[in-house]
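With chain A fixed as given, assemble chain B onto it according to the hints.
Number of protein chains: 2
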Amino acid sequence: MNILIVLAHPKPASFNHAIATCVRDALLAAGHQVTLRDLCAEGFDANFSADELARGNIAPPQVREHADAVLAADGIIVVHPNWWAQPPAILKGWLDRVLRPGEAYRFGTNDKGEGCVIGQLKAKAALVFTTSNTPREAELALYGDPLDNLWKRCIWGFCGIERVERRNFEPVIASTPALREQWLADAALMATTVFA
Amino acid sequence: MNILIVLAHPKPASFNHAIATCVRDALLAAGHQVTLRDLCAEGFDANFSADELARGNIAPPQVREHADAVLAADGIIVVHPNWWAQPPAILKGWLDRVLRPGEAYRFGTNDKGEGCVIGQLKAKAALVFTTSNTPREAELALYGDPLDNLWKRCIWGFCGIERVERRNFEPVIASTPALREQWLADAALMATTVFA
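For the protein sequence lines, the chains are A and B, in the order given. In this note's numbering, each number is its position in the first sequence, counted from 1, plus 9. In this note's numbering, each number is its position in the second sequence, counted from 1, plus 9.
Take these hints with a grain of salt, some might be off.
Because identical chains cannot be distinguished in the list, a pair is counted as satisfied if it fits within a single copy or across any two copies.
What the hints assert, rightly or not - Listed below are the simulated EDC-like cross-link pairs for lysine to aspartate or glutamate, each with C-alpha atoms no more than 16 Å apart in a straight line:
id	residue 1	residue 2
1	Lys131	Glu112
2	Lys20	Glu61
3	Lys131	Glu171
4	Lys131	Asp83
Everything labelled a hint here was simulated from the structure, so no lab data went into it.
Isolated chain A (complex conformation) (with noise of 0.2 Å):
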């Protein structure tokens, strides 16, 4: 299969990095192609401008490699740290940027002729898996999950991908270093598994 990997941490030698590295090396093992795309380290541009969002808009080079790339993808894998219990802006903007209308999803209507959003992304399948510093139960209490609805409904099922998998890290400033191994191997596992 043809896998895209979206990365967005800013520092090289975070456990993000470690994290797409290694199951896009898991993936490779396994006989797929894989692309892996680090947003920080290409500066990636997260701002939307009033041309580019105007409706019949061309796409400016950078934006239409990441979107042909989306398209083309029969897998993608994003990992990201949670800030503010969303995607770090960059990666944001990748979203508001690279997932076009007409091209991830379109508006139509359904039988009942109502307006409805067609998801039109090709890949099957979506994982994720994030980061964050806050124990899972205070977490889950204080703030709910949002990352999870949003990648699994209102990112990824819009654009019509109907398995989506994600797994929290966390937290990772108390993680011992072989925990941090056991993390990476059940990131590589689940990639492969997903991805068969």
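Structure of chain B alone, referenced to chain A:
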């Protein structure tokens, strides 16, 4: 009161701009000090670099200025469109960079000696105006209302703001001029009531 309005829409003729200016004018007429920051117009940089992310870093001047405005505010108003059930990337970058640890919030311990977040903002109330194009019932059924929890608990609640009110206007795309006028009056009344 000293009230900060943060606006995030790329089009100067957007309904978001109409909300922000209408609310500003109503608050000025009520005798408040009001600062309106149009993030797109001023070219706010959403990118949170590895250097800036490092602990103990010094905020760049643009970020320092925004952070000081947040710390000085008695009330905060945010205006933005619903993009992927989240704020536009430029506003997400503002959150990532401007709400700094040790300033907007800090980590401490509660009565039981457990780690917890302690909100630090002096603002007692926040208002969030959002716009979308999906009819409300469909939106709630398909996606829930992630923005409500994000702003109330995950962002402003995290920073210690106790009262957070929100109004979503929808569907903007199918609204009449008369309805939009009513919405602007509603927004102005809501602002002058919350900040009385």
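Here's how the hints hold up against the structure:
1. Lys131 with Glu112: Result: close within a single copy only, 10 Å intra versus 45 Å inter.
2. Lys20 with Glu61: between (29 Å within a copy, 10 Å between copies)
3. Lys131 with Glu171: This pair counts as within: shortest intra-copy Cα distance 10 Å, inter-copy 44 Å.
4. Lys131 with Asp83: within (6 Å within a copy, 49 Å between copies)
Consistency note: the structure conflicts with none of the earlier hints.
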